[in-house]
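Student: Take a look at the letters that make up each chain.
6 protein chains.
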Amino acid sequence: MKILILNPNSSKEMTADIQRNAAAYANGAFEVKTLLTPGAPEFIDYYLDQALCAPGMIKNVYDNEAEYDAFIVACHCDPNIDLIKEITNKPVVGIGEASMKMASMLGHSFSVVSTGLHSVPNKEAVVRKYHLEGCLASVRAPKSEGCCGSDEALFMEAAKLAIEEDMAEVIVLGCAGMSGLDKKMSKALGVPVLDGVVCALIIAEGLVRAGLSTSKIRRYQGNR
Amino acid sequence: MKILILNPNSSKEMTADIQRNAAAYANGAFEVKTLLTPGAPEFIDYYLDQALCAPGMIKNVYDNEAEYDAFIVACHCDPNIDLIKEITNKPVVGIGEASMKMASMLGHSFSVVSTGLHSVPNKEAVVRKYHLEGCLASVRAPKSEGCCGSDEALFMEAAKLAIEEDMAEVIVLGCAGMSGLDKKMSKALGVPVLDGVVCALIIAEGLVRAGLSTSKIRRYQGNR
Amino acid sequence: MKILILNPNSSKEMTADIQRNAAAYANGAFEVKTLLTPGAPEFIDYYLDQALCAPGMIKNVYDNEAEYDAFIVACHCDPNIDLIKEITNKPVVGIGEASMKMASMLGHSFSVVSTGLHSVPNKEAVVRKYHLEGCLASVRAPKSEGCCGSDEALFMEAAKLAIEEDMAEVIVLGCAGMSGLDKKMSKALGVPVLDGVVCALIIAEGLVRAGLSTSKIRRYQGNR
Amino acid sequence: MKILILNPNSSKEMTADIQRNAAAYANGAFEVKTLLTPGAPEFIDYYLDQALCAPGMIKNVYDNEAEYDAFIVACHCDPNIDLIKEITNKPVVGIGEASMKMASMLGHSFSVVSTGLHSVPNKEAVVRKYHLEGCLASVRAPKSEGCCGSDEALFMEAAKLAIEEDMAEVIVLGCAGMSGLDKKMSKALGVPVLDGVVCALIIAEGLVRAGLSTSKIRRYQGNR
Amino acid sequence: MKILILNPNSSKEMTADIQRNAAAYANGAFEVKTLLTPGAPEFIDYYLDQALCAPGMIKNVYDNEAEYDAFIVACHCDPNIDLIKEITNKPVVGIGEASMKMASMLGHSFSVVSTGLHSVPNKEAVVRKYHLEGCLASVRAPKSEGCCGSDEALFMEAAKLAIEEDMAEVIVLGCAGMSGLDKKMSKALGVPVLDGVVCALIIAEGLVRAGLSTSKIRRYQGNR
Amino acid sequence: MKILILNPNSSKEMTADIQRNAAAYANGAFEVKTLLTPGAPEFIDYYLDQALCAPGMIKNVYDNEAEYDAFIVACHCDPNIDLIKEITNKPVVGIGEASMKMASMLGHSFSVVSTGLHSVPNKEAVVRKYHLEGCLASVRAPKSEGCCGSDEALFMEAAKLAIEEDMAEVIVLGCAGMSGLDKKMSKALGVPVLDGVVCALIIAEGLVRAGLSTSKIRRYQGNR
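Residue numbers (our numbering), protein chains in the order written: chain A, 1248 to 1471; chain B, 1248 to 1471; chain C, 1248 to 1471; chain D, 1248 to 1471; chain E, 1248 to 1471; chain F, 1248 to 1471.
If we strip away everything but chain A, and leave its shape as in the complex, we get (with noise of 0.2 Å):
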């Protein structure tokens, strides 16, 4: 099994991060790749970036679909998500949708750590989106802006608050940049942190093994 994970941005630092961390829960079990985006931003913050990054996805997607048993869009906004699952047959899935249908999976609510304040009605929107609201806490974010691994104290103190102030139970890292820091998060939380990387893994990898992909009858059925 051939997995293909689109990294919406073009930052070859974030490219590799996803790549260790997705090679590292794959394990050897299913291959893994990861794509950086041509043509799109170093960081995918806004709805601009999200149209830029669009046509080098699509590039991505047409050029590697016959190789490749499914596809994730790893950016916790899902970029163009509905998108890709209208114009490839293949699985598709985001890490924004995978980590929190998981977290609803494993305690009463969850809250998502974002990046900026700017950016906390943005995720509210895709939560929304997702039919995740009865299930989220919050979105918090450090009042100062910052990403992403870089930032770890930042987002520790967001994700304490998001537990004591906004009773959440579970953590959602809120960016693919903060990969790597759920397991040391959730250490020192008490609490499960998803990384959203691994739980599309989880998802991208079952589809494929038992068959399954979207659904073609009429809200992704395509130009086809």
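Just so you know, these hints were derived from the structure itself, not from any lab. Incorrect hints may have been included.
Which copy is meant is left open, because identical chains are indistinguishable; a pair holds if it fits in one copy or across any two.
[Claimed, not checked] Listed next, the in silico DSS-like pairs over lysine-lysine satisfying Cα-Cα at most 30 Å (straight line):
| no. | residue 1 | residue 2 |
| --- | --- | --- |
| 1 | LYS1430 | LYS1463 |
| 2 | LYS1249 | LYS1376 |
| 3 | LYS1390 | LYS1407 |
| 4 | LYS1463 | LYS1431 |
| 5 | LYS1280 | LYS1463 |
| 6 | LYS1431 | LYS1390 |
| 7 | LYS1463 | LYS1390 |
| 8 | LYS1434 | LYS1463 |
| 9 | LYS1463 | LYS1407 |
| 10 | LYS1280 | LYS1306 |
| 11 | LYS1390 | LYS1430 |
| 12 | LYS1249 | LYS1306 |
| 13 | LYS1259 | LYS1306 |
| 14 | LYS1463 | LYS1249 |
| 15 | LYS1306 | LYS1431 |
| 16 | LYS1407 | LYS1434 |
| 17 | LYS1463 | LYS1306 |
| 18 | LYS1390 | LYS1259 |
| 19 | LYS1376 | LYS1390 |
| 20 | LYS1280 | LYS1431 |
| 21 | LYS1249 | LYS1430 |
| 22 | LYS1249 | LYS1259 |
| 23 | LYS1306 | LYS1376 |
Given the structure is predicted, the values throughout are model-derived calculations rather than measurements.
The hints should help you fit chains B, C, D, E and F onto chain A, whose structure is shown.
Tutor: Leaving out everything else, chains B, C, D, E and F in the frame of chain A:
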């Protein structure tokens, strides 16, 4: 006052129809101009189409921002509307949002008449995005596909069923290409029938005159 | 075009304020006249007040229906709005509904600034009636009661807390008596601040020009 | 204990029916008296009717507050219920609220049988006001208008469809004028059928015995 | 009329408290008896406890079905309530459901005072089960664990915060063991405070007198 | 890795079917074993059945906790799932929750095919418990009762209606006894058909490999 209507597709015919319809409403009270989107598909039907029209729409906004007082996105699924709201400080109005929110002011519930069955769930997702599911009677489409002005009888039949079976009290035309059918259908059906371009012009003109625009504090802050 | 603003209370001063505010927006584009409600209380604060102003509002509608093209109900709890929509075929717009639905188009969520703590749940009930709870950040009132224009500092403080604590992106003035504060507050707060009378005029003028009015098929059918 | 039933309309016949029905339930355990509303229409069908009965209902409450222990509003749309709760410290129970909340305790979902198609959306608005839409199977009305006791067969047919098509498990009679049909319909349909007056008496008697009444802290504070 | 109160736990002391409280409300109008549950834990705190009390509750129902007219489940999480409604044709009332639905009739929103922080999400799940989240101000628990009557000051403090911080207008006592605190707390807090046993008796007595019981058509059909 | 499947009923035949189905999915990648529940009914159809299988399920968990890495509850109503999550620190996955949440990732909305009409509301209650009502097209059951693998044609017919009438895009098999029908039905229907046991194995295997389990901070804390 000058309002620019962004037609997300590249159809000259539909652009002319929208312009005719818009000018009739404006009736000299303000200037209105409709631009097609260079590089976009002829018709916006799929998520892929929405991505393909983004670059041209962005260019149209940047090229015309200085000259125009407000922008309208004239496709009923409001493609790239969050992005357009983000990249300009001028008011931005989608014909989907405007028509459905105005419909909710004119009766207990509304139905959207869409062009094809495969787009029904996509429309429902848009309705939900705008928190309007509580006002929605149904999204109805003719059994056989077809767009747009040429298929009047099909849309009329769908609207009738929406009123009788789904208890809709207001009908929203779910495609910019249906422009011009509103008055005829309203007369035949005995309920208000809303054309999205007209509704968006109402909101856009009002916002300009009142000096109002998108909040830039968080969700639509953009990279400035 | 002639629009009649029904001020549900009997305060001459507030009626004059509303008229001044409305005329400034209309700016000659259409005629606008504000009527106080004979027999109504000086201020609409309680459910009892809403009932006491009904007979005078009904009379004002009946007496002026032939002459005017649209009616506006100019109290932010939209008293008797269903009834007014029912008894006339002309468009009827409440300043509560118009301002809150327009607020939902300008940002991720809005807060209503109300005059007193005891009215917070009543406002929440109105928000829910309009299916807007998903767009509501909060209803905020100053700790100490007070209305209206004279208490600018209190409302400003409540709005600031709404933006910072409740993540509101748009502020809605929750009382017709706050008319005139919108621009000053918007400038100070850096987010759109909506005056209900202005918003209702936008919608009412548009409905008249578009030839639209309340659906009479069921909920607002009336006894005709 | 003395309970006063406010019949919001002015029909002597319906008042007598309600009184007979109420006395049968009370069966000597407490006193019950039904008052028609002076100046109100013969039947409460429209929002206008609800406004027209307010002055008489207010007078009936003020005139009898000292003597009675609780008030019941005996029209299924609970006209002016917020106002009555506001102007008295005694418990106030609407037959709509009481019957629908009790229905939600007796089965998975309930349907309301209403008198006419035009009132279906109005009932739905009341259901929503009480946060009961999640327990509602449907509001059903006979195709042809008709009220009330005389149209038993029509209501029975509507109830049957609600049970079979809409999966209702409990039926709520949607008009005080249907009083007396509950047992007969329940026997024929095999599900509980709730009469609003009976349900309101259950709640009102209980509140009086338990020394409970409306919270006066904010929403129903009133002008005291 | 004879009503049987099923205390799901095996505490003799709490059973006696409930019986005393219930008898005081009944005041001779009907017979009431409280049974502890053989084989159940001393206190129902966890999901495990709810399962462990099921066999004894079932036995208590079967043994007493012929003799009693209605059953009350006297633990605020309503353990096994669906099951009890299923296995008997007699009315079954949970103190959680009864008290929270009655609370929703007495004010804009209610808060539940619970015994410990760990039970807050569990209570929220019960609130949601009954479709009451729209009426809920909050579930509040003292910071330090403690149950029940002995910790009056802690519960009072939690209730005060609910009223002031969460805008609750009605307080619901979230544990049968708090029986007897309602009047004292209500007097001190100035809002209605509901005891679940009293509320359940109101509903149960009314159902019996009205000849009503659980719908047996589908959800609570049982194996008969 | 060793996963234990708890079949809540005591049917040897259904246990063998589940085991065969599970082993086929596992395909050697991990160990899987299915246990019937001693003392449980042959089939879990009623709330009573759910209570009767609790003691045996608890015993099975306690007896095997040391040896197994995760537990699956293999009845589509997820009986006693909160309790099982509470009493063990190992991951616990219900086939209902897993299959419905995965269904929500594969299409716009899903329908559950259930075994009988009387269980439709019970399934709806489970859907609501998991906050999935926004993703639900319908719960459909054959008109005539019947379970499980032997009634393939009935389930197929129900699924067809769900897709055509209710606009479902994904089908969820609503009974562990339908195991093995998924691929055949999917082929015939042209949409994904989900088997709960397969979905639960996907999630359980992933949780174990990722080192994740139920949050023990509040709701599922248990008595430790």
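Student: For every hint, state whether the structure bears it out.
Tutor: Results of checking the hints against the structure:
1. LYS1430 to LYS1463: The answer is between: 16 Å across copies meets 30 Å, while 37 Å in one copy does not.
2. LYS1249 to LYS1376: Within one copy only: 29 Å inside, 34 Å across.
3. LYS1390 to LYS1407: both (14 Å within a copy, 17 Å between copies)
4. LYS1463 to LYS1431: Intra 40 Å, inter 17 Å, cutoff 30 Å: inter-copy only.
5. LYS1280 to LYS1463: within (26 Å within a copy, 34 Å between copies)
6. LYS1431 to LYS1390: both (22 Å within a copy, 28 Å between copies)
7. LYS1463 to LYS1390: between (42 Å within a copy, 18 Å between copies)
8. LYS1434 to LYS1463: Only across copies: LYS1434 and LYS1463 sit 13 Å apart there, 41 Å inside one copy, limit 30 Å.
9. LYS1463 to LYS1407: between (41 Å within a copy, 15 Å between copies)
10. LYS1280 to LYS1306: within (16 Å within a copy, 34 Å between copies)
11. LYS1390 to LYS1430: So LYS1390 and LYS1430 pass the 30 Å test inside a copy (23 Å) and across (29 Å) alike.
12. LYS1249 to LYS1306: within (18 Å within a copy, 38 Å between copies)
13. LYS1259 to LYS1306: Both: 18 Å inside a copy, 28 Å across copies.
14. LYS1463 to LYS1249: within (22 Å within a copy, 35 Å between copies)
15. LYS1306 to LYS1431: neither (36 Å within a copy, 34 Å between copies)
16. LYS1407 to LYS1434: The answer is within: 12 Å in one copy meets 30 Å, while 35 Å across copies does not.
17. LYS1463 to LYS1306: within (21 Å within a copy, 33 Å between copies)
18. LYS1390 to LYS1259: For LYS1390 and LYS1259, only the intra-copy Cα distance (27 Å) is at most 30 Å; the inter-copy one is 48 Å.
19. LYS1376 to LYS1390: both (25 Å within a copy, 27 Å between copies)
20. LYS1280 to LYS1431: The answer is within: 25 Å in one copy meets 30 Å, while 33 Å across copies does not.
21. LYS1249 to LYS1430: Result: close both inside a copy and across copies, 25 Å intra and 22 Å inter.
22. LYS1249 to LYS1259: within (21 Å within a copy, 38 Å between copies)
23. LYS1306 to LYS1376: both (25 Å within a copy, 28 Å between copies)
Of the numbered hints listed earlier, the single one contradicted by the structure is hint 15.
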